[in-house]
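Residues in the sequence shown are numbered consecutively from 1, following this note's numbering.
In short, the hints are calculated from the structure, not lab data.
Some hints could be false.
[Unchecked claim] Straight-line C-alpha distance at most 27 angstroms; calculated DSS-like pairs for lysine-lysine:
#1 K183 / K161
#2 K26 / K86
#3 K86 / K15
#4 K161 / K178
#5 K26 / K15
[Claimed, not checked] Per label pair, the in silico range of CB-to-CB distance:
#6 G143 / A121: 46 to 52 angstroms
#7 F170 / K86: 35 to 41 angstroms
#8 P177 / V79: 19 to 25 angstroms
Keep in mind it's a predicted model, so treat the numbers as computed, not measured.
Where is the CB? At the ideal position from N, CA and C, for every residue including glycine.
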Amino acid sequence: GEGLVAALRILYRRKQNIQRLAFDEKCDAILVCSADAFNIPSAFLAARALGIAVHLYMFDDYRFQFDSSPVEIRVFARVMDHFITKRAHGIIVPNEFMAAEYRTRYGVSPTIVRNPVDPAAFSVEEATPWPASAGGISLLYTGAIYQAHHDAILELIEAIKLLRRSDVTFHIYTGTPKAEIEKVGIV
């Protein structure tokens, strides 16, 4: 219906923009990150049109990232994930779990590039009382919430309850509709 036509228009326009940029900059390859439903397919089509390589940087599991989106977007993402992942020149993931998942699901060998961390942040030489500042503990989550996050967030909520402290707060800022996350018990 109308949703599919709108999705195809977005895909085509974004593909044209990426293709024009990659051509103008004389790119040998395109590295595209997972973020919204159209980034990966648009970059893939642009790379194909230019005859250059496309590499995927999967911060999230694209197949499940849009589970709270309209059905057209969910189906689109799952079809694109299956088609593109097997044809990409390279795939980067942030951890062993995602590497194993992509290996099992698609028979590909992703490269693991971990998110950077300052090792000094984990130093135990100078013990700091916790929390380091008065006034309670405030936890903040920003980003999408979909199937891959449900268990971890629910476990965090349970851990907060076990503390039995009234000065601990957990804030979620997400584009995922409130009704969707409440369905799985995230409140």
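Results for each hint:
1. K183 / K161: Satisfied, since the Cα-Cα distance of roughly 19 angstroms is no more than 27 angstroms.
2. K26 / K86: The given pair, whose Cα atoms are some 25 angstroms apart, holds under the 27 angstroms limit.
3. K86 / K15: holds, 19 angstroms
4. K161 / K178: Satisfied, since the Cα-Cα distance of roughly 21 angstroms is no more than 27 angstroms.
5. K26 / K15: holds, 16 angstroms
6. G143 / A121: 46 to 52 angstroms: violated, 20 angstroms
7. F170 / K86: 35 to 41 angstroms: holds, 39 angstroms
8. P177 / V79: 19 to 25 angstroms: holds, 23 angstroms
Hint 6 from the earlier list is the only one contradicted by this structure; the remaining hints agree with it.
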